[in-house]
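A.B. asks: Note that the protein sequences, when read in sequence, are chains E and S. Per the working numbering, the very first residue in the first sequence carries number 1; after that it's consecutive. Per the working numbering, the very first residue in the second sequence carries number 1001; after that it's consecutive.
None of these hints come from the bench; they were simulated from the model. Think of the CB as a built atom: it goes at the ideal place given N, C-alpha and C, for glycine as much as any other residue. Possibly wrong hints are sitting among the right ones.
[Claimed, not checked] Computed Cβ-Cβ distance ranges for the label pairs, DEER-style:
{"#": "1", "chain 1": "E", "residue 1": "Val39", "chain 2": "S", "residue 2": "Gly1103", "range": "21 to 31 Å"}
{"#": "2", "chain 1": "S", "residue 1": "His1161", "chain 2": "E", "residue 2": "Arg62", "range": "49 to 59 Å"}
{"#": "3", "chain 1": "E", "residue 1": "Gln12", "chain 2": "S", "residue 2": "Ile1111", "range": "54 to 64 Å"}
[To be verified] Think about it this way: if two alpha-carbon atoms lie no more than 16 Å apart in a straight line, the pair counts; the simulated EDC-like pairs of lysine to aspartate or glutamate are:
{"#": "4", "chain 1": "S", "residue 1": "Lys1194", "chain 2": "S", "residue 2": "Asp1017"}
{"#": "5", "chain 1": "E", "residue 1": "Lys36", "chain 2": "S", "residue 2": "Asp1018"}
{"#": "6", "chain 1": "E", "residue 1": "Lys30", "chain 2": "S", "residue 2": "Glu1028"}
{"#": "7", "chain 1": "E", "residue 1": "Lys30", "chain 2": "S", "residue 2": "Glu1099"}
{"#": "8", "chain 1": "E", "residue 1": "Lys82", "chain 2": "E", "residue 2": "Glu56"}
{"#": "9", "chain 1": "S", "residue 1": "Lys1194", "chain 2": "E", "residue 2": "Asp5"}
{"#": "10", "chain 1": "E", "residue 1": "Lys30", "chain 2": "E", "residue 2": "Glu10"}
{"#": "11", "chain 1": "E", "residue 1": "Lys13", "chain 2": "S", "residue 2": "Asp1017"}
{"#": "12", "chain 1": "S", "residue 1": "Lys1002", "chain 2": "S", "residue 2": "Asp1074"}
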Amino acid sequence: MNLIDVLNHEQQKESVPEFRSGDTIKVYSKVVEGGKERVQMFEGVVTVRKGGGSHEAVTVRRVAHGVGVEKTFLVHSPRVEKIEVGKRGIVRRSRLYYLAEKVGKAARIKEKKAVR
Amino acid sequence: MKNILGRKVGMTSVFTDDGRYVPVTVIEAGPCTVVERRTKEKHGYDAVALAFGDVKKSRVTRALAGHYTKAGVDPRRWVREFREGIDGVEVGQTITAGEFVNGDRVDVVGISKGHGFAGGMKRHNFHGGGASHGSMIHRQPASNGDTNAGRTVKGSRRPGHFGVDRTTHQNLEIVRADGERNVLLIRGPIPGPKNALVVVKTSVKPNRQAASAEGR
C-alpha cells in the first residue's frame, strides 16, 4: 500500500452499518452550541450515498414542519458519532432526487420486509 | 527557522481534531542528513547542506561521493543548502519531520509542473475571445498594446514556455507532522509533480496567529 492509501485507511471507521438509498437511518452527530458540545440526532431517508473510502458521504432527507430538509454527513467524520439503520426501503435508483418533487403520499417509499 | 527536504507523494483529505475535513498534500519529509557546514571564514557565508532520498551508490558522481565520505554519511539523492535556522546543526546529524509541530506555518519550494509552450489563456489567465458568432478569435491573446509605441514593450505577457519554474508557496499550514513515519501533511496544494523534491521551511511571513496568542 502506498502512503496515501495508508493515510486514507486510518481515517476510516472500523465499522459502518450497512445501508443504502431508500433506507431510513438515524445519524447521531456532535454539534457545538454555545461553547458546549452535544449529540444531535437526525432521522430521515437516505437519498444519496456517494464517494468511497474516507470521503464517503450520505445525504439524509426528512420533512420537518412541512419543509423538506436534507443534510449531508461524511460517514467517517469523527463528528458523526453513530448511524442507526431503521426501515429498509424498496427503491429502483441509487439517488433519490425525485423525492424532492414529491409531496405527501407520493413521497412515500415502500418498505422491504425482512426475509426469514 | 526549521528546514527539511521531502518528496511530494500526492494529495488527499484528512479529518482534523476539531472535526474539519481539509485537503492536504502528503510529503515524505526526511530523514535528512547534514552533510556539510559552510562557514563565513572558509566559504564566505554560513550555511548547512542537507541531503535526502535513497540513491544507488553507483549513481553518485565521484565528486559528490567525496563529499559524503568526508562527512562520513551514506550517499543521498538530493543536496540543498540552507542559510537560515542553522544554529546548532552539526555535520552527521539527522533531521526528521518531527522537528515540525502541527499548526506550524511553512513555505514550500518546488519546481512547478511543466506545461510546455502554453498560450495566453493558460499561462497568464487571459480571457480569450468569443467561442461562437463567428468571432474567429478563440484563444488568441488579441491586442499586444499601444500602437503609438510602435513596438512590443519588453516583458509583455505572451504565449511561451510555462512551468518548470522554482515556485514558492508561502504561509501554508502544517495539518499534521509525523516524525516516526517521516510524513508532513500540508494544507492545500504545493508546486510540482508527484515524486519531486520539495523544500519545506518555516515561513518568512510573520505568524499572526501565534503573535496574537502571545499578546493576550
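A.B. asks: So which hints don't hold here, by number, going up?
C.D. replies: Those not satisfied are hints 3, 4, 6, 7, 10 and 12.
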